[in-house]
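K.L.:
Next come the chains, spelled out residue by residue.
2 protein chains.
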Amino acid sequence: MKKFFRVLLLLASAVSLSACGNLKNSSLANNSKTTSSTKTKTYQTTETGNGGYTVLLKDGHYVISPIAGLTATTNDNSVDTREFERGLIQISKSQYSTSSYVFQEGQYLSTSTVNDWLARKAPSNKTGLNPALGSKKQYNPYYLEEILEQDYLTGSGSSYRLGGMSIGLAMNSVDYYQKVKDGPEYQEDISRSDQKDYGQQIADQIVARLRKQKDLRDIPLTIGLFSKTSKDSLVGGTYFLYGTAAANSSKITSWKPVSQQTEVLPTVGNAKAINSSDASSFNSFKEAIQNYFPNISGVTATLRYENGKLAQENIAVTTQFYGYEQVQSFTRLALSTAKKYLPSSVPLEIKIGSVNNVQALIAKETADSDYQVHIYGGE
Amino acid sequence: MKKFFRVLLLLASAVSLSACGNLKNSSLANNSKTTSSTKTKTYQTTETGNGGYTVLLKDGHYVISPIAGLTATTNDNSVDTREFERGLIQISKSQYSTSSYVFQEGQYLSTSTVNDWLARKAPSNKTGLNPALGSKKQYNPYYLEEILEQDYLTGSGSSYRLGGMSIGLAMNSVDYYQKVKDGPEYQEDISRSDQKDYGQQIADQIVARLRKQKDLRDIPLTIGLFSKTSKDSLVGGTYFLYGTAAANSSKITSWKPVSQQTEVLPTVGNAKAINSSDASSFNSFKEAIQNYFPNISGVTATLRYENGKLAQENIAVTTQFYGYEQVQSFTRLALSTAKKYLPSSVPLEIKIGSVNNVQALIAKETADSDYQVHIYGGE
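Protein chains in written order, with the working numbering: chain Y, 204 to 582; chain W, 204 to 582.
No lab work stands behind these hints, which were simulated from the structure alone.
Do not rely on the hints blindly, as some may be mistaken.
Copies of the same chain are indistinguishable here, so a pair counts whether it falls within one copy or spans any two.
Under the rule of at most 25 angstroms between Cα atoms (straight-line distance), these lysine-lysine pairs were calculated in the DSS-like manner [stated by the list, open to error]:
| # | residue 1 | residue 2 |
| --- | --- | --- |
| 1 | K384 | K475 |
| 2 | K543 | K261 |
| 3 | K384 | K434 |
| 4 | K542 | K261 |
Throw the hints in and build the complete structure from the sequences for me.
P.N.:
Shown next, in the form of structure tokens:
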């Protein structure tokens with residue numbers, strides 16, 4: 204019913220779009236003309252900067268995957284969400300080059316299919332990819348929490364065809380459960396080795412199932428295994444393994460490790476930082492700005508390491524400022540302090556504010572300067 | 204009592220600062236050494252970019268004015284706050300050049316003095332600058348809502364002296380009142396001409412009072428008259444008049460108009476935009492991005508005009524995005540759409556997000572790029 208409504212909405216917007224045709228060619232590469240048929244389909248693409256994918260729009264709209272956000276349990280930690288998607292795009296780049304392929308959110312897996320797959324296997328749900336509940340003595344956890352599909356297409360003009368697909372499997376590192384309804388909550392830790400074993404098993408089953416769809420027979424299928432964090436984690440999970448089933452193959456023959464780590468600074472308790480020099484430069488920055496300004500309630504950083512190397516540092520400074528000149532003056536101080544203490548050759552974001560919810564910024568600072576674009580969290 | 208506590212806090216932080224002396228010289232121009240006396244005072248300054256003032260720090264801290272935020276009534280509209288401060292700094296620049304003077308939030312007017320000044324004149328409050336309540340037939344509104352002090356200092360090293368002062372007077376354009384306690388609310392509109400007459404009267408009284416303080420006898424005193432908005436306004440108020448009493452003079456002899464206007468687009472009802480071409484370019488931008496993306500719940504712009512010319516355009520795009528690639532892709536679309544439709548020679552901010560509370564951003568977009576700084580709302 205929901206899906207039917209979505210289709211209706213899409214049709215409605217296609218109609219409303221044709222009423223303002225001058226916008227259609229605006230800033231998008233409009234690659235096709237509609238022909239006079241009942242099924243009009245136009246494709247446009249949006250450029251993406253900094254080595255990202257061009258995104259395919261359909262009938263003038265960004266297309267959302269119907270399975271986005273479906274989860275097996277209700278224990279989802281939202282800090283995982285962004286990295287689950289971003290990480291799979293990064294993995295895909297090694298398989299589907301950004302110059303030959305365009306991106307679209309997954310359109311082949313439906314809500315009902317994925318809901319069945321995420322549920323436990325049962326006589327009434329033969330396609331369930333999570334194990335049956337088990338016995339009183341032996342509880343079987345939910346291993347698979349979430350499935351993400353990304354489509355990579357080739358083509359131009361009015362003709363695009365699927366050239367490859369990536370599937371992300373979010374594997375729980377902790378499963379939370381109750382023995383009786385409304386009873387106390389128990390938790391079952393899932394080792395990396397179990398995440399790996401179950402993840403690879405599930406991956407092979409998914410590849411076999413996808414091969415039954417005609418459109419998916421002769422394309423490469425890439426599957427990434429993502430380790431979700433616990434409910435209380437401050438840092439999001441990371442991918443730890445990926446592999447590709449070549450076109451027409453029903454199996455992933457070789458898996459490659461993904462070496463990625465994230466951490467939040469300052470560390471909690473006696474936890475050791477991944478890199479002590481990065482931790483100490485952050486600490487100097489933090490102390491300097493906290494000593495010179497009142498009303499700074501927190502300075503934290505999220506660092507991402509790839510293959511042991513710092514790849515991105517995002518700092519959040521939480522303030523209770525209200526004055527215009529105070530913000531101006533503090534920002535300049537933070538800038539010069541950052542130049543002095545923080546690593547000079549790493550993408551860096553310093554977000555100054557009271558809450559975490561601006562996602563992107565485009566600005567022209569002065570009348571003569573060019574636009575600058577910033578995506579929160581880095582690219 | 205509150206102030207005593209503040210002083211204690213300042214002393215405490217001066218002590219804690221001396222324990223980490225290596226930070227003191229960090230990114231600040233530390234102009235003096237403390238000498239061994241009970242009263243240690245060190246000054247530092249922070250650079251400010253884009254033609255702003257250098258800010259004087261005292262004992263390593265940004266100094267806040269004790270009268271910031273005091274109001275005569277409880278009907279304050281917070282959209283006025285930023286412009287009340289920013290506008291007075293702009294006015295001050297014509298009087299106190301940014302190359303010779305440094306900025307400090309006002310330190311000469313105390314909380315108790317200003318509370319008395321903002322209250323109604325009464326036998327028990329002879330210094331009240333708002334009129335007595337009046338009779339049943341003739342209600343006298345609160346004309347003066349808020350007072351802002353800014354100090355402009357000259358000097359270097361350990362010696363700074365006050366070189367000029369600016370005072371902002373926020374004059375109500377509407378006063379809200381009740382005839383009986385908990386009764387219905389009435390409102391009294393105050394014409395621009397009344398704002399001007401009362402504002403100028405009050406300004407002269409304030410100049411005369413300030414001249415009685417020894418430090419304030421022989422410096423120029425600049426007073427700006429600010430018109431506050433109604434409680435429901437979406438745009439902040441603006442300054443409409445300013446004048447300076449020369450050193451040793453007890454009167455402002457010539458007042459100069461400030462021609463500034465602000466508006467929010469799209470306009471409400473049949474209201475006419477200040478400049479139809481700016482309104483139409485914004486509208487094209489808005490339609491283009493709303494047609495191509497779902498989940499955009501609002502696109503609004505705040506435009507500021509100075510002497511009839513567009514000086515700043517700030518656009519807020521409210522989204523319900525969650526996906527990584529959706530934000531990336533939308534931001535690129537917004538960028539190219541902005542380049543196509545929006546004015547090319549005006550400082551511009553496009554804030555994309557779900558709420559309005561990040562105040563500033565510093566970012567290095569890639570490993571090789573320089574830092575870029577953005578202050579929300581423009582400079």
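K.L.:
So, for every hint listed, does it hold in this structure?
P.N.:
Now the hints, each set against the structure:
no.: 1; hint: K384 to K475; in the structure: neither (39 angstroms within a copy, 61 angstroms between copies)
no.: 2; hint: K543 to K261; in the structure: between (47 angstroms within a copy, 22 angstroms between copies)
no.: 3; hint: K384 to K434; in the structure: within (20 angstroms within a copy, 51 angstroms between copies)
no.: 4; hint: K542 to K261; in the structure: between (44 angstroms within a copy, 23 angstroms between copies)
In summary, the one numbered hint that this structure violates is 1.
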